[in-house]
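**Student:** One-letter residues, chain by chain:
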Amino acid sequence: MQIRHLISIKHLSNKFVEKLLKSAREMEAHPEAFADRAKGKILADLFFEPSTRTRLSFESAMLRLGGNMLGFSSPKGTSVEKGESLADTIRMAHSYADIIVLRHYIEGAGRVAAEISNVPVISGGTGSQEHPTQALLDLYTIWKHHGRFSNLKIAIVGDLRYGRTVPSLSYVLSLFPNNKIYFCSPKQLRVRREVLSEIEGKVEYEELEDLEEVLPKIDVAYITRVQKERFPDPQDYLKVRDSYVITPKTLGNVKESFILLHPLPRVGEISYEVDKLPQAKYFEQAKNGVYVRMAILDYFLNYPWEV
Amino acid sequence: MQIRHLISIKHLSNKFVEKLLKSAREMEAHPEAFADRAKGKILADLFFEPSTRTRLSFESAMLRLGGNMLGFSSPKGTSVEKGESLADTIRMAHSYADIIVLRHYIEGAGRVAAEISNVPVISGGTGSQEHPTQALLDLYTIWKHHGRFSNLKIAIVGDLRYGRTVPSLSYVLSLFPNNKIYFCSPKQLRVRREVLSEIEGKVEYEELEDLEEVLPKIDVAYITRVQKERFPDPQDYLKVRDSYVITPKTLGNVKESFILLHPLPRVGEISYEVDKLPQAKYFEQAKNGVYVRMAILDYFLNYPWEV
Amino acid sequence: MQIRHLISIKHLSNKFVEKLLKSAREMEAHPEAFADRAKGKILADLFFEPSTRTRLSFESAMLRLGGNMLGFSSPKGTSVEKGESLADTIRMAHSYADIIVLRHYIEGAGRVAAEISNVPVISGGTGSQEHPTQALLDLYTIWKHHGRFSNLKIAIVGDLRYGRTVPSLSYVLSLFPNNKIYFCSPKQLRVRREVLSEIEGKVEYEELEDLEEVLPKIDVAYITRVQKERFPDPQDYLKVRDSYVITPKTLGNVKESFILLHPLPRVGEISYEVDKLPQAKYFEQAKNGVYVRMAILDYFLNYPWEV
Chain A
0 MQIRHLISIK HLSNKFVEKL LKSAREMEAH PEAFADRAKG KILADLFFEP
50 STRTRLSFES AMLRLGGNML GFSSPKGTSV EKGESLADTI RMAHSYADII
100 VLRHYIEGAG RVAAEISNVP VISGGTGSQE HPTQALLDLY TIWKHHGRFS
150 NLKIAIVGDL RYGRTVPSLS YVLSLFPNNK IYFCSPKQLR VRREVLSEIE
200 GKVEYEELED LEEVLPKIDV AYITRVQKER FPDPQDYLKV RDSYVITPKT
250 LGNVKESFIL LHPLPRVGEI SYEVDKLPQA KYFEQAKNGV YVRMAILDYF
300 LNYPWEV
Chain B
0 MQIRHLISIK HLSNKFVEKL LKSAREMEAH PEAFADRAKG KILADLFFEP
50 STRTRLSFES AMLRLGGNML GFSSPKGTSV EKGESLADTI RMAHSYADII
100 VLRHYIEGAG RVAAEISNVP VISGGTGSQE HPTQALLDLY TIWKHHGRFS
150 NLKIAIVGDL RYGRTVPSLS YVLSLFPNNK IYFCSPKQLR VRREVLSEIE
200 GKVEYEELED LEEVLPKIDV AYITRVQKER FPDPQDYLKV RDSYVITPKT
250 LGNVKESFIL LHPLPRVGEI SYEVDKLPQA KYFEQAKNGV YVRMAILDYF
300 LNYPWEV
Chain C
0 MQIRHLISIK HLSNKFVEKL LKSAREMEAH PEAFADRAKG KILADLFFEP
50 STRTRLSFES AMLRLGGNML GFSSPKGTSV EKGESLADTI RMAHSYADII
100 VLRHYIEGAG RVAAEISNVP VISGGTGSQE HPTQALLDLY TIWKHHGRFS
150 NLKIAIVGDL RYGRTVPSLS YVLSLFPNNK IYFCSPKQLR VRREVLSEIE
200 GKVEYEELED LEEVLPKIDV AYITRVQKER FPDPQDYLKV RDSYVITPKT
250 LGNVKESFIL LHPLPRVGEI SYEVDKLPQA KYFEQAKNGV YVRMAILDYF
300 LNYPWEV
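As they're listed, the protein sequences go chains A, B and C. Going by numbering that gives the first Met the number 0, the first residue of the first sequence is number 0, and it counts up by one from there. Going by numbering that gives the first Met the number 0, the first residue of the second sequence is number 0, and it counts up by one from there. Going by numbering that gives the first Met the number 0, the first residue of the third sequence is number 0, and it counts up by one from there.
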């Protein structure tokens, strides 16, 4: 069996995820061995919404596999502005390229694209629904440090309502046994109910407001941005803000193997003094994006292994 | 003899066009045989006006020939905004690249560029004058389906006054014997007089308002966008709009070999139900742009055959 | 010894500059011999401020060395707009690429980047401080025509206060013996005092307002833009403007070996009639940018020679 598109973590099996991340580890260990895997192939970047890390790490991955890319990093000045439908834009892209990376502000854009496209469509984040390749690189980073996909205690922290990395990370953790997720957020930004329904019965979880109480027992804290503008009353924001800023002091009591992740960009949620601590793995996490995306591109261009 | 630049269809012979499109057919049949034709070569994209299909299909063509590209997809943030002349921008581009694709909002920009440039300049559409590479891919699509360049009855439909694909398509059809063009548009958007003077005596044509009357006898209908903002009185627009929207019903009475083309993007001129009909060839037409532009780039970079 | 980053001319020795420019001459003479020097390597363009010539000539250089590039040509739509720090953007870029070219509007941005980056950072112009690669291609052009780095009389003309090419060119000239700089500008736009302190005792210089008096004795005139908006009183601008516009008449009395340079884009400082004169070397200067930047990229990617 081959998977044709990567739109959601929900359609993946834990076997697939494991094989993919093992392939990424090969890419990281011996990148030169894969330098021709995408030779003569073209990636189409269709970024209907700004992105830096996702777009550039996909491009870096494609180039490191010997391929190349075209497309747009913003819909400004494209036929989208003339009123072209997403379906027609996809039909154009699949005529010009061998694989599509799509970022879109509309929920469900990925599914529409996958239905129409003759070439694989990889979601680079759509709506506030999902960001599957981010979840895969998050899990890769966790696996590299903890050596396992299971028996992990993970706090996902910050804006759990709007952050599109949150559902995908929750889904990927629920594919493996004995994980536990602590959803840690201010009341206004609790994880959406449909995300909880999706993982219900598949992974243990708990919702809480105070990160500190779980810090000593978790293996990973995954921080996301809490944006002021999400709070109708600015006073509410000021009240919660500080409990969601990670400083060296916050990490005083963590396990020895504890690691701190963030999908980046950060804007104040982790103080700069934390960067030098051994727990800070968010820059390595960003770098891992290249290897994981190399493995993703290789899979969808070449189907090098069976699911 | 070598042709140095591709600015207008007017300077081409039917021999040249035929050879070029035969070369495109080779590219389509055996793309891998041409994978190194532009190795080490650089295409400069100079897009002073938005474009998606033209830019990306040129880039796809260049990459498929083993070359690469640089440039800009909008003049925002370039030295053009600091007041640099087109001539100076061209002198820069020919120092950095081996071939230039220019799209510009000003009539005559292509000619100016060709006079100055040391490397071939290919027009990607200038002013509302011409769009020669579009006409070549249009003709390629017609040729693939009808097997001939001559004895064709073609309706060009919609905004014939401002659409820059209209003059180029008319000129290329007038290079071959026994073609007939039906210019079908609302009164306000009739084809410009200088276009008619150009083809006068070279190709038979007729101007009309009602597409339906010619539909049963034509081989190709070429639809273009009718933009509301072209009509001083919105009532006039509403009156004509519907006669220029193609639905499955419109096509009830066409010849068996009839095909429907559109340069795209479309915004309502062809209903989505038409997409599945065998006559709908506009997506294939867009794809053909890659092969035709491969042949164009190969010709102007390598002069692989004599005119 | 290896130089790790190229942020300022101040940290370079004349030996280094000479070797680099000799390497550029090799690149110009036999570009094909270097076609694989950056094979598999990636350049990150981080352009926080518009640029055409610098960005595109770096890209052309990278492609001609067999490498490739990714990045952004404007901070619009990047995580910078979400408030990401320069340090974090650099940490991202060095994970995705092998070398970084940075243009930034803030003074000192280059130094910050160099402190953080694991891969070489090349300044593509920062603040109004420096533009080291421009100075190197300026000197390359002078050397090609005069055959020497020393015993040169050079007038730097126009806006010496804000132009970022002025300090770098002054510094590079001060590395070699017996050069003399004539800083020629309206009073309001005199060269900044810290630039003079830097070169004090290293190179002879003179400040003046009237270019004409030195024209007969100089080897090179380096023209920069005088922008109207720099003058609080528009009358002051009108008074000086004409003495800073080069026409064929201006050049009536120059030495036979005299050459005229301009970093471009120009907006009226050199009349178009000058372009055909043998002294006009600014287009060649722009083209030289490719060879000099090839040599720079080769040095910082491969360290092919010792300093």
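Note that these hints are calculated values from the structure, not bench results. Since the structure is predicted, the reported quantities are computational estimates derived from the model, not experimental observations. Check before you lean on any hint, since a few could be wrong.
No copy labels: a pair is met if it fits in one copy or bridges any two.
Claimed, not checked - The calculated lysine-lysine pairs, modelled on BS3-like cross-linking and capped at a C-alpha distance of 27 Å, are:
#1 K286 <-> K81
#2 K186 <-> K201
#3 K254 <-> K81
#4 K81 <-> K143
#5 K38 <-> K286
**Student:** Reference check for the pair K186 and K201, CA-CA at most 27 Å: within, between, both, or neither?
**Tutor:** So K186 and K201 pass the 27 Å test inside one copy only (24 Å; across, 66 Å).
**Student:** When no copy is specified for K38 and K286, does a C-alpha distance of 27 Å or less occur within a copy, between copies, both, or neither?
**Tutor:** Result: close both inside a copy and across copies, 22 Å intra and 21 Å inter.
**Student:** Regarding K81 and K143, is the shortest C-alpha distance of 27 Å or less found within a copy, between copies, in both, or in neither?
**Tutor:** neither (46 Å within a copy, 29 Å between copies)
**Student:** Taking 27 Å as the upper bound on the Cα-Cα distance, should K286 and K81 be classified as within, between, both, or neither?
**Tutor:** between (37 Å within a copy, 20 Å between copies)
**Student:** At most 27 Å between CA atoms: does that hold for K254 and K81 within a copy, between copies, both, or neither?
**Tutor:** So K254 and K81 fail the 27 Å test inside a copy (55 Å) and across (32 Å) alike.
Hints 3 and 4 from the list above are not met by this structure, while the remaining hints are.
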